[in-house]
Structure formats: C-alpha cells, structure tokens
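K.L.:
Protein sequences, first through last, are from chains W and S. Numbered per the numbering used here, the first sequence finishes at 413, counting up by one with no gaps. Numbered per the numbering used here, the second sequence finishes at 413, counting up by one with no gaps.
These aren't lab readings, by the way, just hints derived from the structure by calculation. Some clues are possibly wrong.
All copies of an identical chain are treated as equivalent in the list; a pair is satisfied when it fits inside any one copy or across any two copies.
[What the hints assert, rightly or not] Below are the DSS-like pairs computed for lysine-lysine, each with C-alpha atoms no more than 30 Å apart in a straight line:
hint, residue 1, residue 2
1, LYS205, LYS141
2, LYS207, LYS347
3, LYS204, LYS296
4, LYS141, LYS300
5, LYS255, LYS207
6, LYS221, LYS8
7, LYS205, LYS8
8, LYS207, LYS296
9, LYS296, LYS254
10, LYS207, LYS8
11, LYS300, LYS9
12, LYS330, LYS255
13, LYS255, LYS204
There are 2 protein chains.
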Amino acid sequence: MKKVAIIGVGHTKFGVLENQDLMDLLCDASLEAINDSNTNDENFDSVYVGSMCPETFNHISGVANALVDRIGLLPAAADHIKNGPASGGSAIKAGFQAIASGINSMVLVVGGEKMTHITTPGLVTSAIATITHPKAERSHGASLPSLAGLLTRVYLEKYDAKLDWLSDISIKNHKNGASNPLAHFQRTIESFMESAIKKGKGSWNNIYEFLNDDKTNPIIADPLRLFHICSISDGAAALVLCNAELAKKYCENPVLITGIGQATDTQIVYERDDLTVLNALRESSNQAYKMAKKTPEDIDVAELHDAFEILEAVESEDIGFFKKGEGVRAAHEGLTEIGGKIPINPSGGLKARGHPLGATGVAQVVELFWQIRGEAGKRQVSDVNTGITCNFGGFGNNILSIIVEGM
Amino acid sequence: MKKVAIIGVGHTKFGVLENQDLMDLLCDASLEAINDSNTNDENFDSVYVGSMCPETFNHISGVANALVDRIGLLPAAADHIKNGPASGGSAIKAGFQAIASGINSMVLVVGGEKMTHITTPGLVTSAIATITHPKAERSHGASLPSLAGLLTRVYLEKYDAKLDWLSDISIKNHKNGASNPLAHFQRTIESFMESAIKKGKGSWNNIYEFLNDDKTNPIIADPLRLFHICSISDGAAALVLCNAELAKKYCENPVLITGIGQATDTQIVYERDDLTVLNALRESSNQAYKMAKKTPEDIDVAELHDAFEILEAVESEDIGFFKKGEGVRAAHEGLTEIGGKIPINPSGGLKARGHPLGATGVAQVVELFWQIRGEAGKRQVSDVNTGITCNFGGFGNNILSIIVEGM
C-alpha cells in the first residue's frame, strides 16, 4: 500500500456567502489547495467531490464533472461521493484509496455545500431528513434534531450529567471559533450576551442564565436549545493528496494520512442496544488506530462532529478519549479546551466554524493539517504531531475516522 | 497493487417494475450476488452504491446506509457514488480501488435506479438534465436527447452515413435483447411492426419503412426517433468483488477486472473541437488497455453505452474497434452483431436491456461476466475471454472503460 500525503489545503470562509454559488465555493477551495501545494503545473489523476445535497439545493448533479472542467483539470477522472454529512470524509477516503492502490499519484479532494440561499420553508430540513429511515423515523417526525434531543435526554439521565455542562461545549467551541478567521461565528457566546444586554433584551448574572433563557436561547429539540445546535452554512474545503514518495518535491512539511476507518450502524436508531453508544465510531476509529498503529493516547488534537453538542461528548468517549458517560463532564472540567488533556475542535467545530455539510469532513482535516504544521494562529494547540477526526453520517449510522500525522 | 476478481453477480429484471421500490431492487440484486458468490457467511468490508437520482426520484439520500443495514452487512463501510448515468461504473471503480489498495478484501458493488413510477410531468427529464451545464446548455433547452440529435446530424453529414444504418443498431440491439430474459424489451423491432400490422395501424414493405413512419416511430430529437433512444427503466445489478488471491475459495471460475480507466471532457459540448470525437473515451479506454496490457484487437465482446444509438457507433470508434466515421457503417454491415467481427451489446444494450441509470455500468460488467463464463444462453458470443465496457456520464464528459477477463 502506497503512503498518502497531504501537500496543500484550501478553505473558504464559512458562513452566509451571498455572492458565491456552490461551484464558486468548490472552485475557490480547490484553486487555493492547488496553489498551496505548488501543483499548478501538474496533471491531476482524479478529483473527488463530497457534497450532500447539490441536486436539491443547487439543481446540479454533475458537480464533479463541472469542477474538473472549470478549474482546468481535464481529463482527470471525477466522481461525486455521497455519505450525508460525512460526504467530505468519504471523498477523502476515495482519494486515499486511489493513491494507496498505486493507480493515482495526484488527487484533489474537495467538499462543499451552499445552503443559506434557500428560501423555501422546510426545504433544508426535509432534504437532510432524507437520510433517516422513511418509514420508521421520518414519517414520525424523527428528524436529526429530534433524534439528538432524544439522545441528550437519555445521556443526561443515564450518566447524571447536567445540561449546563453540555453548554460548556458550546461555550468552548464559540471561544475557539472566535480565533478562527474562516469560522461562520467568530464570536464567543459571552459576546452574544453582551450584545443582548446592550440592546436591552434582558440581563443575566452569568452565561448559563443567558443560555437557559427561552427568549435568547429558545428550545429547538427539547432539551437542546439554539446554542446547542450548529447552524446551516455555506463553504468549501479542499486537500491535495499525493503519493508520499513525491510529497517533498512539492512542499517542505507534508502531512501524512496514516489511518482511515469507516463503519456503519443500524439506520434506525431505536434498533441500537444503547442509544448513547456510537458503534460505528468505535469500529471506524479502531480501524484507523490499527492502520496508523496508534492508540487514543497518541492523539494530540481532535476535530469531532458536533452538529449537536451532545455528539462531541459522546464521540469523545467512543473514539477512546474518555470512558462512557464521562464526555460531558470532561468538557465541563475543561479537559477538551485548547491547553487541556485532549483539545477538541480548536477550529470552533461545526457549532462555530459552521457546517456546510459536505465541506465539514474535509475542513476537519484541513484544521489538523494547520495544527500539525503550527499554522493555526491564535487557536494553535502546542506540540501537535497527530490528530484524528470523526465525520458523522446519518444519525451515527455511517462514520469516518481519519488520522493524520506530521511526516 | 492487488488483483481484483468478480466472484458473483446479481441482476434484477429491467423494466417497469411496479411492485418494487429502489431499496427492494438494490437488495434483490445484492442478495443474488452474495448468493452467487457463496459469501453468505463472509464479512464484507465495503459496499458501494451507484445511483444517479435517488434523492429526486425516491426521496432517499442514504441509499448506501440503508442497503448495508437492510441486507445485514453492518458494520461494512458504505458510500454512494454519483457520476450521472455512469454512476454504476464509478461505483465499480471505487470498489476496485478499495481492494487494489489492500485496504479491503471483500466488497459489494451495486447500481440501481427506480424511475418508471414518476408521474410528475417532466421530472425525469429535468432531473437528468441537471448534469448539463446550467447556463450554456440547460437554459437553452440543450437536454441530453437534443445534444444526441445534434451529434447525429453532424455525424451523418460528416461521414456520409445514413439514418437507416443507425437504425440497424436499434434492430441489432432489440434482436439481442429478445434473447435476454432480464431485458426490458425482449422483442425484436420486427415483432413491434408485426403487432402494428395486426392491429391495423398500417402496412410497411420493410422494417425501415416502419422505422421512418412518424406515426409508429415519432421523431423525439430530430433526426432521432423513438427507436433510436433508450427508454426509462427500473432495475439493479450487483457484483461481489474480492482480492483475487481469495477468489478460488468462493468460486471455480472467477473473472478478473484487469483494467479500469476514467476520464473527463469539457462539460459544455460546444467547446469540443469535434463533436463526433469522445476524448474522454479515448483517454479512459487507453488507461484501461494500458492497465490490462491489452489492445482493441484483444477484445472479444463489448458492452457500450447506447443511450442514443449514435453513441454506440461513436464509442465503437473511440474505443478502438473502427476508424473514425466508420462505426455506423460497420454496424450496418453486421460487424457488431453476435458472430460479427466485434459483437457489441449482446445483452441488448441500453436500448433493449433498458437503462436504469445507476444500474447500467454494473449490468454491463455482469453481462461480460456471463459471456466470459459461457453463461449467456441464447445470446452467447463464442470464445469470449476478454471484454470491455463504456459507461457514459454527462454527455460524454465523464466516461469509464472497464476490461474484464477470465482468470
């Protein structure tokens, strides 16, 4: 198996990007990655695009064809890889396998989504809900937010944790996002509170009072409130992958992808033995650790999939950082902050960086690339050599784990 | 690079399948392939699903998640691969690379589409048209049929060929389809004419008069008539792939995938130097021949992508069987019939077997598997050891070529 290196990355601003359509975003991230990797004069073998809903949101089904033409990479092979909100991670895996097999030596991977322009009421939610089970879940209103609310209730009761501790994850991720110039929300939750006070919307003694106020932080999927849930965003992120033997030709400090795992769980959530256990993450992270010959103790930083803040906590357990039931408490105790035992989501995560579905899995690896190279600015974690991601498809029924390391 | 074998196949009936939804079709083809490969007790590493429009046609976006759960293959990795009408071919390539890299040893690939249930006028056509360029083509009405009509006009004029010769391709494919018990149309065009005569719809002196009659064979996209164009169909097809070292454990006569190529061309058709040249096929087939160490002369049978009959002719040139401009004439002269110089589409092709978009690329390889094993019944080509496919995405802007051989 050939080793696979990342030699350049691209990452648009995430947020409400009114003047760019999906193709603009995919092109911007791609061209930035190509520039960053000094491969402007090279031939690319393949392009893999991860995007969840371009047909529904953007009326395009040939995203990969269109991209490879528009950025001048013809006749590179081009495929569109779909795995719900983990489409970006699956696109990376496809690119990884193309190089690992020896068939390709230079591959572009890009993930992106353009969502915020949609004005049809309910279209975004209903499109995303098409990954739940049509008869056992969707028809009963079991959307992803409602399933996350259910998981939160079960978790808090079973492990005697508090909703305010869960809010600590949101607080941390917004704090990290405030240091990420590409994040959708570059603001602490404290700054939202201060704005609300200035505008005379109320007064609160502390951040938890603010976060438990129905007016400022309404319940979306009981007990989850607005600040426990990521928003919709526009954005794209890209990686240039190459056969590691060639990597030093293009850049001084390439980063290696040393482990990739992917696993599935029951599509219907109620069929799982324990709602609080992500079997697919246990399996996928085990595959990744095994391939990379690493253990959770070797990981210096992690980018996890906090579409709902409960997920970051549960994932931090099933990926091996904390015992089952201790993830929310660990976040509350500050163990997952930058400078803590295992920093999680220094980028701001899905909560603050934003979650343009197909972009997320790629953006997670971009963040680890910057962390490993010491290029993460104010949110830099110290002494990073190895990082891991969790990219979460469906409601935990199709999860990828990717381990990257300095070369 | 590990060698990759096909050890079992599945193929539903293609046609108007009223009592089966998309998941039923994908499950049926998958379970048939698993049974056929004697892998019922094995663990699968990955499942790749090729399907073009399940979101629009079937309101499902997690087809791969749903399939892997429903047929009991958890926790196998599962991804949905999209490349328009070449989604099946791209899914095979993804599975091939998973095994060739050594990361996986047992993979299920399935392609399928469920289309005929759609009653919303224009929905099928508009969904398929989302692979054309939104501004340069789609908004001007340049749908796939209209582009095929344009190509046909240019071709017939440039190479002094006749529309009746093009009809010979339809006649051949319907004749072949009449011997394929899984084909959508198991009827010769002659039998359609005989029925029309019996019903008093007219009388014709020969098949060409019938095919040039506006009442019985109306013009769809001038000069292409109904019988020059494939219909919409429901169906699915599947392959079980494994590391070739293990293949003989499961079956006596595995078939090897020895070459895979994929290449792109300009998304906008008018930007090509010559409308009658499929650059993406020249490139992808060259890649496949090179990987397999074969030339066009080594090919015993081919399954080409005749969504429009002109495509079979043009593809038969750019894949290396005939000189440019001689493909239509070669078909007219019988060179592509079973028993001819190079039999094309013994299955009946997209015209008669049917074209359930994502299923087609997989069904092509299933047909070659049967041809190589001598299991193709009345449509068996003699002495087949090596076959090639052309699976055509977009309007020739993303093409796969796959070479398979007896082991």
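K.L.:
If a hint holds in the structure, say so; if it does not, say that too.
P.N.:
Now for the hints, and whether the structure bears them out:
1. LYS205 to LYS141: neither (46 Å within a copy, 45 Å between copies)
2. LYS207 to LYS347: Neither way: LYS207 and LYS347 sit 37 Å apart in one copy and 82 Å across, limit 30 Å.
3. LYS204 to LYS296: Classified as neither; 53 Å inside a copy, 70 Å across copies.
4. LYS141 to LYS300: neither (40 Å within a copy, 49 Å between copies)
5. LYS255 to LYS207: neither (57 Å within a copy, 72 Å between copies)
6. LYS221 to LYS8: For LYS221 and LYS8, neither the intra-copy (55 Å) nor the inter-copy (60 Å) Cα distance is at most 30 Å.
7. LYS205 to LYS8: Neither way: LYS205 and LYS8 sit 58 Å apart in one copy and 65 Å across, limit 30 Å.
8. LYS207 to LYS296: neither (52 Å within a copy, 70 Å between copies)
9. LYS296 to LYS254: Result: close both inside a copy and across copies, 26 Å intra and 28 Å inter.
10. LYS207 to LYS8: Classified as neither: same-chain Cα gap 59 Å, cross-chain 65 Å, threshold 30 Å.
11. LYS300 to LYS9: both (16 Å within a copy, 29 Å between copies)
12. LYS330 to LYS255: For LYS330 and LYS255, neither the intra-copy (44 Å) nor the inter-copy (41 Å) Cα distance is at most 30 Å.
13. LYS255 to LYS204: Answer is neither: 55 Å inside a copy and 74 Å across each miss the 30 Å cutoff.
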